[in-house]
Amino acid sequence: MRVILHVWRQDGPEASGGFERHELSAVEPDMSFLEMLDTLNEQLISNGHDPVTFDSDCREGICGACSCVINGRPHGPGHKSTTCQIRMRAFCDGDEIWIEPFRSGAFPVVKDLMVDRTAFDRIIEAGGYISTHSGPKPEPNASLVPHSIAEEAMDAAECIGCGACVAACPNAAAMLFTAAKVSHLGLLPQGQPERWKRARSMVEKMDEEGFGACTNFAECQDACPKGVSIRFIGRMNRDYMKAALCEPETRQGPLKAH
Amino acid sequence: MLELDASIPEGDIREKWRNHLEHVKLVGPRNRPKYDIVVVGTGLAGAAAASSLAAQGYRVHVMCFQDSSRRAHSIAAQGGINAPKNYRNDGDGVYRLFYDTQKGGDFRAREANVWRLAEVATGIIDQCAAQGVPFAREYGGQLANRSFGGVLVERTFYCRGQTGQQLMLGAYQALHQQVAAGNAVMYPRTELQDVVNIDGRCRGVVYRCLQTGEIRSIAADAVVLATGGYGNVFFQSTNAFNCNVTAAWRAHKRGAGFANPCYVQIHPTCIPVSGDFQCKLTLMSESLRNDGRVWVPKKPGDTRRPEQIPEDERYYYLEERYPSFGNLVPRDVAARNAKYVCDEGLGVDGKRQVYLDFADAIRDRGENVIGERYGNLFDMYEEITTDSPYKVPMRIFPAVHYCMGGLWVDYNLMTNIPGLYAIGEANFSDHGANRLGASSLMQCLADGYMILPQTINDSLHDIYMDKVTTDHPAFAAHEQSVRDHIAGLMARRGSRSPMAIHKELGEVMWHHCGMARTAEGLTEAMGKIDSLKHACEHDMVVPGRADTTNQALERAGRLGDFLDLAHLMCRDALERDESCGCHFREEHQTDDGEVVRNDEAFGNVAVWEWKGEGSPHEKTTEALSFDALPLMTRSYK
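From first to last, the protein sequence lines stand for chains A and B.
Yeah, the first sequence ends on 241 if you go by our numbering, and it's all consecutive.
Yeah, the second sequence ends on 1151 if you go by our numbering, and it's all consecutive.
Simulated from the structure, these hints should not be mistaken for lab results.
Just so you know, these numbers come straight off a predicted model, no measurement behind them.
Be careful, since some hints might not be right.
Listed below are the simulated DSSO-like cross-link pairs for lysine-lysine, each with C-alpha atoms no more than 27 Å apart in a straight line [unchecked claim]:
| hint | chain 1 | residue 1 | chain 2 | residue 2 |
| --- | --- | --- | --- | --- |
| 1 | A | K120 | B | K905 |
| 2 | B | K539 | A | K120 |
| 3 | B | K767 | B | K1042 |
| 4 | B | K1125 | B | K1047 |
| 5 | A | K120 | A | K63 |
| 6 | B | K1133 | B | K767 |
| 7 | B | K905 | A | K63 |
| 8 | B | K813 | B | K599 |
| 9 | B | K1017 | A | K120 |
Take these sequences, add in the hints, and give me the full structure.
Below, the structure written as structure tokens:
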């Protein structure tokens, strides 16, 4: 099959960008979308042009590196899939395909289709962990986790940190990403000691990084390649509220008698 | 000639690790912040080591080529992680895991390391659970287990089909907790270009910033390579697109011995190749063989649909040939047998593929149970092939998956260069000539959480007074040689892209250094690799500029290292004139196609030393001992 591509080209974070048109014939339906881009790049190189820069790594839908907006949808036309999992059979012969980077102020463009998502790492640094050192730990069966809770935590933990939720949201909110981590850890017994502090500091960090707020469009859930549910956003909001109202003050030094 | 001292502690195998721990040198908590340690790679081994060392108080510099440390390819491991907890009361224990690993590796691993791995494995599950890894639980709340190939117990812990991802996130979160605490610094989108040795000790690295093209250095007191395996030398593999051997190879060129490069695992259950545009093969977890039955039609060229083929016209070749392990034989055995039946013309639809069938499991246990176990794998398969494994059998074929070979390390996981360590898949490690399923996650985390944070102190305790900075002239010299190398690549104005040459290299390796090898084929391959190297130097084109993101340049740099490695792999495979585990020399097999080892001549580790551009490598061997588990012929019948 033959496709017409309109690919976003941008030299660097400060440069202005624009669409570049390319025609690609000999596209096979079994090709993945990224293999199609590889083929485009081989064609560009043999014609003496610069290849298109894009992120990808595992190419099996789990690392979260790939990140294009395809025909206006983050990760393209699939349901619960990443760009690397899209096959060209999802398109028709002669289709025009528009390919852009994820767009959000908090995800600056590095080059072409590649963006900087280190803001997500900084949200995790704000509290997306259970504080531990490496070394001997208690026997895990000593703290039972009901099957349903383990499964619910796992549903949230499935987030691959790709950023499609941000790209899909009209407010460029990172609520689904943040809520997934707050819920994964907040559901498990191991995560209880830091539960309230975690919810507060991760939400505050998210705001500080320039992500927007949730106004219930639910586009994120639709775009999420792992199908992470927006009910986790509700859960995070409850934890955040509770933390703001009831979290014991951080103790610094010994209590003084009044 | 390399001087190799594995430094295996004295004493009974059960006591070695404990004794060693009690005598290893220590660095006091107040002194640790004075040490800089570079960790390259943020997969399970790298992230675990970096977080553990930073939590101890060392100043840790962590490099990865991805945009975030969470994306390393450990994340793709599906099935699970082994630990001899004996929760199933089926007779498991440290010795059993040791036995299975040593036997599974076909007696080509270092016994003391394997024992230690088995010994620390249970602690890994405790560590990960404490970090909040959501392991699968039984209804009563206890941890669940499943079974994997090559063993007769259920000792595998899992998180749906995403165990690697969840363990990875545990380590990633622990690492970023340390970043927040200021003990660790991340260097995302950077690639190691060279290691710097000063006065016989590794004192830092030179790296390229992939976003700006800048060449920079970090001076350190120790460098840890956790850079994974080199499976992408085959171009098509289950590795991630960007996995490469560059860090390990550049260290090798600076003097680190490379051990057993020919040991490459071909995983039996992958989605077959569908076209020559493909650069990536997708694995279907070994856990599927718990419930799936492998078969091919008995009649060559049978074109009927699978459900139309009656039971007695199906050849369940693993169950018939290996009645005691059946579909759960080790990977090398399963892969080789898939090759045999396809060689006999029994491949499904005349192609090189076999069925993995879940019909019986779904009938006996119900679609719900099977869906809960493998749902995401089934979805993944359907997305790629458009067939639903709930309705028709999967079609599978072996693909390159894991490298048992790697940098030579001693018992402390240190290479022969003092101060330079290699952990996880990057070292030649504990898997001998074949790795069992669910053992790589175990080894990576054992190295990262349990072993390296203890053993690294041994080489650190006495050097902090003599601090080296990047002002040392060696750094400027190394940086210049990296710049020259990159300028040389950029000057190539031929006609072929790095990817095109890499693809051709992959075909040569798959045909001559893959599942079956011959002296003749390996010799031919070395000639072909030489001409590819020539093509790389004279007919390759590298587009764009070096002072910005340039993925073609990155690929060109990695390709040069893959070409050198490929040559060495063929030579190693040629000189290892025996069959063992996944290294199958057609000249050495039984009548029914099982491997024939030659323990007397090759019961050793082959360690190769770089002798300079254009000069052949030199081999040194480390003899292996088999005291705790005497040599035997592997049988899974």
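Inset, instruction - Could you tell me which of the hints above the structure violates, numbers in ascending order? - result: 1, 5, 8 and 9
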